[in-house]
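*Asks:* The lines below spell out each chain.
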Amino acid sequence: MRQVWLISGPPGCGKTNWILSEIKKHGGSCGYIRLSGFSEKSLEQANSSEIDFVFLKDQIPQLIDLSKSSDHLFSDQDNSLIFIELSQFYLPNQSGLAGIDPRIISQLENLKLLPDQYLHFGRDTELSIKDTLDFTKIESLSLNLQENVWDPPSLNTFWFELVNGAYGDVYRAKALLNIPDGRSMYFNWIVSQPGSQFLQLNDIAPPKGRPQRISQLVIQGRNLEFTRIKSTINLCLINDSVLEMHQASLSNQQLAATH
Amino acid sequence: MKQAVISCLHANLPAVQAVLNDIDRQGIDTITCLGDLVGYGPHPNEVVDLIKEREIPTCQGCWDEDVVDGLDACDCSYPSQLAERRGHLAHKWTTEKLTNENKDFLASLPTSIRRDKLLFVHGSPNSQHEYLLPDMDAFAALERVEMAGAETLFCGHTHLPYVRELGQGSIRVTLKNTPNKQTEEKEMNLPMRRIINAGSVGEPRHGGSKATYVIFDDKTNKIDIKEVSYDIDRTCKAIIEAGLPPIFAWRLNHGFEFAELAEDASHVCER
Numbered sequence: 001m002r003q004v005w006l007i008s009g010p011p012g013c014g015k016t017n018w019i020l021s022e023i024k025k026h027g028g029s030c031g032y033i034r035l036s037g038f039s040e041k042s043l044e045q046a047n048s049s050e051i052d053f054v055f056l057k058d059q060i061p062q063l064i065d066l067s068k069s070s071d072h073l074f075s076d077q078d079n080s081l082i083f084i085e086l087s088q089f090y091l092p093n094q095s096g097l098a099g100i101d102p103r104i105i106s107q108l109e110n111l112k113l114l115p116d117q118y119l120h121f122g123r124d125t126e127l128s129i130k131d132t133l134d135f136t137k138i139e140s141l142s143l144n145l146q147e148n149v150w151d152p153p154s155l156n157t158f159w160f161e162l163v164n165g166a167y168g169d170v171y172r173a174k175a176l177l178n179i180p181d182g183r184s185m186y187f188n189w190i191v192s193q194p195g196s197q198f199l200q201l202n203d204i205a206p207p208k209g210r211p212q213r214i215s216q217l218v219i220q221g222r223n224l225e226f227t228r229i230k231s232t233i234n235l236c237l238i239n240d241s242v243l244e245m246h247q248a249s250l251s252n253q254q255l256a257a258t259h
Numbered sequence: 260m261k262q263a264v265i266s267c268l269h270a271n272l273p274a275v276q277a278v279l280n281d282i283d284r285q286g287i288d289t290i291t292c293l294g295d296l297v298g299y300g301p302h303p304n305e306v307v308d309l310i311k312e313r314e315i316p317t318c319q320g321c322w323d324e325d326v327v328d329g330l331d332a333c334d335c336s337y338p339s340q341l342a343e344r345r346g347h348l349a350h351k352w353t354t355e356k357l358t359n360e361n362k363d364f365l366a367s368l369p370t371s372i373r374r375d376k377l378l379f380v381h382g383s384p385n386s387q388h389e390y391l392l393p394d395m396d397a398f399a400a401l402e403r404v405e406m407a408g409a410e411t412l413f414c415g416h417t418h419l420p421y422v423r424e425l426g427q428g429s430i431r432v433t434l435k436n437t438p439n440k441q442t443e444e445k446e447m448n449l450p451m452r453r454i455i456n457a458g459s460v461g462e463p464r465h466g467g468s469k470a471t472y473v474i475f476d477d478k479t480n481k482i483d484i485k486e487v488s489y490d491i492d493r494t495c496k497a498i499i500e501a502g503l504p505p506i507f508a509w510r511l512n513h514g515f516e517f518a519e520l521a522e523d524a525s526h527v528c529e530r
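First to last, the sequence lines map onto chains A and B.
Note that the first sequence covers residues 1 to 259 in this note's numbering.
Note that the second sequence covers residues 260 to 530 in this note's numbering.
So that you can see chain A by itself, here it is in the shape it has in the complex (with noise of 0.2 Å):
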């Protein structure tokens, strides 16, 4: 029988990663879709759907992506499990399916998706809820950084400084960038918890031209000097001609490796 859970909970507190444990444990087909959520008063939210759906695509390659659509999905007979992801920042007024936000319920309507389970990071004790915090005020920066590649030094320097403070007070900082031998790493970052998760996803790009898949940041804090942000960026990511260069240097150990 297809279950449909909602999973929702303030920035950074470890809903997409608790929705992958999730999957990982379940035997049959899964499918995902993230729900932006609704800004509230001096609180924004960043638009992330497309890096959690990518990095959970990667560890779990047969995971259906319901942003698409849902039609052609699994019947009521199915031992399917669908997760709806919502970043919400304020604490549901009641407990269960009847403390979603009404403006929820709607899309879900739209998506022909009705939960049957609801929870909420703070709320529930199914999860964790230590490192949900109470944000009072949030700026958010999402960056679109498709086709461009980064110089992996330049970006180990701007990551050490954007999560000390450099660019304004940072909570919460995830990315998924590309670096020149065709890998694309996911970088994931909480102000509540030591050090930043790294990760290489799995698929690797073919070192040739620009790389089309998706490329993005997300930063969320307060005082964010975003035209720094921006300009720092700039100086990290490199140019046509050195990109071609990485790209011919690692053809030819390619080469070399299989004569």
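In short, the hints are calculated from the structure, not lab data.
Wrong hints could be hidden among the right ones.
Pairs of lysine-lysine residues, derived as DSS-like cross-links and limited to a Cα-Cα distance of at most 25 Å, are as follows [claimed, not checked]:
1) A:K68 to A:K112
2) B:K485 to B:K376
3) A:K230 to B:K351
4) A:K68 to A:K24
5) B:K478 to B:K261
6) A:K230 to B:K496
Simulated restraints on C-beta separations [unchecked claim]:
7) A:Q193 to B:I430: 51 to 59 Å
8) B:Q285 to A:S231: 43 to 51 Å
9) A:L255 to B:K481: 53 to 61 Å
10) A:K208 to B:K435: 51 to 59 Å
11) B:K376 to A:G195: 42 to 50 Å
Every residue, glycine too, gets a C-beta built ideally from N, C-alpha and C.
Assemble the complex: chain A is given as a structure, and chain B must be docked to it using the hints.
*Replies:* Positioned in the frame of chain A, the structure of chain B alone reads:
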């Protein structure tokens, strides 16, 4: 006699003033500077003027060389594209601000200063651009000191102060074509050599924000690595007002142990 060694002033006047005051309070008259008077900081002329006024013997640092010769070192000395581009911004700004008189002064500086068995350099005896890191290969470290004919080598450039003692060193050689036509093995034991890195006055990267320098007592051979507080806010404010990259102020203010070193720190540019 006690003597003070300072390095990597990087156009940070409040830090230089604080360190010189600290040295003066101890009644130390002999001061040697290991270069990098300019670069990154907002007070290049003021720092050069102060060193000239105090008549402090000074070696030429990599920044002092590049600012005069126009980026003599190739970009291989930068650890990242970001560091390179920021470095170029600071280089351009400094070149524009420095007076011709002060450029001439930097150009006139020697690459090393020798006092008996003490040798003073910016990076290494080979180059102002070479990093002698505290954990570099012991043989290579010993080679740098021994080949320069020194017992104690004072250097800077890494911005990390340290004292490294190189004891029980020996050189073994195989002699061929000897008069008796036989191969001979010879071994020579070396007395202890030392490398003393003075850290940085103007841009510390040792994990704290205080300026660092060293005091050496040639009677007792005792080395003291000193840390001195200074008005960091004044320097940071001047960096922002000067239009230099604000990240320089942020790094200075936080004193992160974040040395931007090239992948191969011992690489010496030969361009």
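*Asks:* Each hint needs a verdict: does it hold in this structure or not?
*Replies:* Each hint tested on the structure:
1. A:K68 to A:K112: Holds: K68 (chain A) and K112 (chain A) sit about 13 Å apart, inside 25 Å.
2. B:K485 to B:K376: 23 Å, holds
3. A:K230 to B:K351: The hint holds at about 22 Å.
4. A:K68 to A:K24: 22 Å, holds
5. B:K478 to B:K261: Roughly 8 Å separates the two Cα atoms, so the pair holds.
6. A:K230 to B:K496: 23 Å, holds
7. A:Q193 to B:I430: 51 to 59 Å: For I430 (chain B) against Q193 (chain A), whose Cβ atoms are near 52 Å apart, the range 51 to 59 Å holds.
8. B:Q285 to A:S231: 43 to 51 Å: 44 Å, holds
9. A:L255 to B:K481: 53 to 61 Å: 59 Å, holds
10. A:K208 to B:K435: 51 to 59 Å: 55 Å, holds
11. B:K376 to A:G195: 42 to 50 Å: 46 Å, holds
Comparing the model with each numbered hint stated earlier shows that all of them hold.
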